[in-house]
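A.B. asks: Please put together the full structure from these sequences, using the hints given.
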Amino acid sequence: MDKTIQPQIYDSSERGTPPVEELRAILKYRHLLTQFVRRDILTRYKRSVLGVAWTMLNPLGTMLILTIVFSRAFGGSQPGYAAYVLSGLIAWNFFAQSTNAASLHLVWGGSLIKKIYIPRTIFAVSATGTGLVNLLLSLVPLLIVMLIVHVPIRPTVLLVPIPILFLVMFSLGLGLLISTIAVYFTDVVEMYSIVLMAWMYLTPIIYSEEILPEMYRLWIVRLNPMYHLIELFRAPMYEGRVPTLSEFLISGAIALVTLLAGWLVFTENADEFAYRI
Amino acid sequence: MNSLTVSEEAVVEEPGFPEDQESAIILDNIGVRYRVSPERIFTFKEYMIRRVQGKVRIQDFWALKDFTLNIRRGEVFGIIGPNGAGKSTLLKIIARVLKPTTGRVIVKGRVAPLLEFGAAFHPDLTGRENIFLNGALLGFSHQEMVEKFEGIVDFAELWDFIDAPMRTYSSGMWARLGFAVATDVEPDILIIDEILSVGDEAFQRKSFARIRAFYERGATILLVSHTMDTIRAMCHQAVWLDHGVMKAVGEVENVIMAYRKGQPE
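Here the protein sequences line up with chains A and B, keeping their order. The first sequence begins at 1 in the numbering used here and counts up by one. The second sequence begins at 278 in the numbering used here and counts up by one.
Derived from the structure by calculation, the hints contain no laboratory data. There may be inaccurate statements among the hints.
[Unchecked claim] DSS-like cross-link-like pairs, simulated, lysine-lysine; straight-line CA separation at most 30 Å: (1) Lys28/A to Lys114/A; (2) Lys28/A to Lys322/B; (3) Lys114/A to Lys538/B; (4) Lys114/A to Lys322/B.
Remember, it's a predicted structure, so these values are computed and weren't measured experimentally.
C.D. replies: In structure tokens form, the structure reads like this:
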């Protein structure tokens, strides 16, 4: 491992390209990464009786309310509306929580990066990691609900790691972009939570896209990256079909471009953060 | 305004840079510039409006200027100066938290900052969990921390409370655990920012003894203090900083004398 005899040497003039350096640093600090994820998951429910079970109960509760409220309005055409809502909801929750947490952790964890060197991307990466653990745990209630409302569980669910990977890439990229802006303008954190709410209603999560007028549908489909990502998640999970190649390619491209953009913008600015936070 | 372009960072290319094997920290012509806006602009809207109006004013403030210093391995180095002299900035440069605006810094070895005790502890986690979290912050793996765990709890004298959440700890217990973790990881360079007043008398004695053991082992120690007695008792060399400029460096007594003379009565 990295336990060499000679001491580690830090030389401020010997720096590679920041995006690559940061990648190396985050691999080196992987222990801290697991500690951060552990801390986030443990502390969130530490004082509650049911503990981590809330990770599964929370989306279930939301799903139950949404199903009761909206099944008449939107659910007519969707078989197993509860499973439809829940599948969209856990993908959305992952995205919303991890992007939001990324910027919060960097702004509020700022006292840390002013005292000790740690890779600056670790906040966004660990926020996404925490979200991923929650997402994986939420798959359990989703499968149970699918059984209850008679949505067949097909072998296509084995494909679900691919859409999850794309969701992770997209969320991490966007989380890094928002963190960068949030360092300079703290308001962005508040603004973003409002944007998230609007964004959620613009994404077919509680309603199916068929109920939208043709014109709106085109806009939502074309411009909303989360539409593509959630559809790619729902296809093998809820619909039980293998996504088409173009569905894979569109989502993959969105995820990759966002991740690269976020990583580059963040790491190029990261040296300034300790001055700003 | 938000990105420092690379061209601004003067790349110091000195061919004959002294690569002294004995040096633990080399600071070469360090300058640290803070860009402060005289009025704080918090909101995005405000910023955009001012930007359009061309009213975004930025003042440069140099927290450190042309600072050159060579600290040898195994030295206990004191840093003195009034508030706002740039002492903390200097420590941050060495701890790799801030990147110098100009100049070059070379640090050989693992740096453990003791800037503030247990700043990274989480109140809802137990002492045990926090030890592992803090160890990871300093770059240690879980396995390495397992080996150090007992020694840390022994030193902090916290066996009875180690599985209680830290929010139940007294501030003294909190500080003791912070000191124990930061020093038990055996850094090559230890940064101490005015902390020796922590804990009760018995614990203070223990802390001093441990710091002494560090330099006996050959570690380099940087000590910031306003208490001249502490500097005198612990340090081999000292530097006096004022307004980001080095005023004196060398033998502790001489530096303290110069510093005292420089103070208004």
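A.B. asks: All hints, please: hold or fail.
C.D. replies: These are the hints, each one checked on the structure:
Taking the CA atoms of Lys28/A and Lys114/A, the gap is about 20 Å. The hint holds against a cut of 30 Å. For the proposed pair Lys28/A and Lys322/B, the alpha carbon gap of about 39 Å is over 30 Å, so the pair is violated. Proposed proximity of Lys114/A and Lys538/B is contradicted: the alpha carbons are some 33 Å apart, above 30 Å. Simply put, Lys114/A and Lys322/B have alpha-carbon atoms about 27 Å apart, close enough for the 30 Å limit, and the pair holds.
The structure fails to meet hints 2, 3 from the earlier list, while all remaining hints are met.
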